[in-house]
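2 protein chains.
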Amino acid sequence: MAGEEAVSNKQVILNDYVTGFPKESDLKITTGSIKLKVPESSKDTVLLKNLYISCDPYLRLRMSKPDRPSVFAFFKPGSPLDGYGVAKVLDSTHPNYKKGDLVWGFNGWEEYSLITSPQLLIKIQHTDVPLSYYTGILGMPGMTAYAGLYEVSAPKKGEYVFVSAASGAVGQLVGQFAKLAGCYVVGSAGSKQKVDLLKNKLGFDDAFNYKEEPDLDAALKRCFPEGIDIYFENVGGKMLNAVLLNMRVHGRIAVCGMVSQYNLEKPEGVNNLMQIVGKRIRMEGFAAGDYYHLYPKFLELVIPAIKEGKIVYVEDIAEGLENAPAALVGLFSGRNVGKQLVVVAQE
Amino acid sequence: MAGEEAVSNKQVILNDYVTGFPKESDLKITTGSIKLKVPESSKDTVLLKNLYISCDPYLRLRMSKPDRPSVFAFFKPGSPLDGYGVAKVLDSTHPNYKKGDLVWGFNGWEEYSLITSPQLLIKIQHTDVPLSYYTGILGMPGMTAYAGLYEVSAPKKGEYVFVSAASGAVGQLVGQFAKLAGCYVVGSAGSKQKVDLLKNKLGFDDAFNYKEEPDLDAALKRCFPEGIDIYFENVGGKMLNAVLLNMRVHGRIAVCGMVSQYNLEKPEGVNNLMQIVGKRIRMEGFAAGDYYHLYPKFLELVIPAIKEGKIVYVEDIAEGLENAPAALVGLFSGRNVGKQLVVVAQE
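As they're listed, the protein sequences go chains A and B. Heads up: the first sequence begins at -4 in the working numbering, then just goes up one per residue. Heads up: the second sequence begins at -4 in the working numbering, then just goes up one per residue.
Heads up, a few of these hints could be off.
Copies of the same chain are indistinguishable here, so a pair counts whether it falls within one copy or spans any two.
[What the hints assert, rightly or not] Result set (BS3-like, lysine-lysine): computed pairs, CA atoms no more than 27 Å apart in a straight line:
| id | residue 1 | residue 2 |
| --- | --- | --- |
| 1 | 274 | 233 |
| 2 | 261 | 206 |
| 3 | 44 | 30 |
| 4 | 206 | 71 |
| 5 | 187 | 71 |
| 6 | 71 | 274 |
| 7 | 216 | 60 |
| 8 | 292 | 274 |
| 9 | 206 | 174 |
| 10 | 60 | 38 |
| 11 | 71 | 18 |
| 12 | 274 | 60 |
| 13 | 93 | 83 |
| 14 | 216 | 94 |
| 15 | 38 | 187 |
| 16 | 60 | 118 |
| 17 | 30 | 187 |
| 18 | 44 | 152 |
| 19 | 233 | 93 |
| 20 | 44 | 71 |
| 21 | 94 | 206 |
These are calculated hints, taken from the structure and not from any lab test. Just so you know, these numbers come straight off a predicted model, no measurement behind them.
Can you make the complete structure from the sequences, with help from the hints?
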């Protein structure tokens, strides 16, 4: 019977806990096997054929050796990574999912995944947009940008918004959402190509290459002579320190991530936090997962905006699981331009 | 006619901009003169006889050389300090104030002050409590504790609250307000005497002397095995860094001040800010001045609580303007026990 025969299942495995910058050699490709059928005794289980996997900076935090309790589940050496992705249901004993459904959510870095916690899978209703978008604009990064800007930062028309890592999976959307809210938006990125993208394709009012600025404080003063109302924080460290000096009274810092710090043994010290007191700044960490109840409302905004070309989305697509290690590692040197994802298989 | 003759007016003058820890010699006592009558040509002006002045840590920030725009007005060398205090109206051309009124708000560090911006004065309605309380529990520090705890931190019954500088003007109230809200409260302070005060008089569940803890992270783990929901931040630096490691998911840090940093040429770096992301921590600077619309509601809570002995308030009272420099400077070595104020004159 179909599915009774085991098929090969290529996987991306963590070799050992990572210290410092991750290297391709921290990961390896192995081939296991899997039966393409949910065992009859397994309730509420879903078998996925993985189509896309998403390379996200936070995955680095899960590659470290667990040294104190964390809200993130650490990866285990010898086991495949997991994370956000897009997949097709091949078999299911869960009433909400049936064969042929397309889903996004948590799957493994492998060709096929047997998922026993399908509550982390969301069924895809709109298929008249690129399916890969569900790793980005229509998935976790999209919800991150939406929640962090609209819910955490509450932008008002005319406010000054700064976004770091601005051409990345989340940043490029924050900028576009802020423009929709009537804000003045400046982004920072790490190459001329990315700066051009921000200014010419993604609608930012201004942008700068942080690698070419000897003085980030001066760069921010140049771009924001009136100061910054909202900082969408993706990088941490020196940039955060400079931003604090340039925040306005009652400014908001939505802390999405601090990617410049993830590979450091000891994160950089931020010494301008006193700005928070006098200027009554609110700095707030958040995670898309706390806002998924807003996903239907989010789609109502973003699906038409995509179709009408009011929002664009830049992807950087690697082909095949065997290229996933390089794609993931590349995030930390800024090699990707736009949202980094990996095609595992065609639908 | 009364008031036409000039009388002597003792003042506390800033000698020069301060760097590092302030010293008594940064201030001097001089004697000027003043007519005890508002000039007839001066509209909306109030002449005050000052009764109490309030020594507050934020005054240190106003003693530095202005190097970049600040929300605080810097003091001018050669001029008297100003700040919160309690005073009696001797004369007034402002319709809201009349001779004999008692007020709290901004006055000068001097015997008599001619106030041309009386919108910073609040008339005292309740005089059946110690008048000095209007420099503390019934004034800016009281509103700071109230707003920072109830408005910024929104404590829920059973939550874990940590307060630094806990026996100070604000901290001692934060702890008592948190107990009223049904929280578990721990405070840190800088001497055994203060720790005893917290535990035996001010109703804290636990307290520790930070100067005797070689490892602040370990001290916080001992006091909060389940972690901290709310941190009322008064000190900054190493304590903030250790607290971040011990915050719980969705924790709140109400940033009132960072007194440990005010005298440093370069503030200490805080390198545990990544905790903000994973744990979705909200860190928010605030100032009592943004919440004075709540003052009537605040008094409804706190006046009966004082009279019924449900809230106590510890003051450290210096006698006479000539002792004001020592009283102010003493804040930064923790010499004061409780709210530091100076008696300028009896009513």
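Item to complete: Check each numbered hint against the structure and report the violated ones by number, ascending.
Response: Hints 4, 5, 10, 14, 15, 16, 17, 18, 19 and 21 not satisfied by this model.
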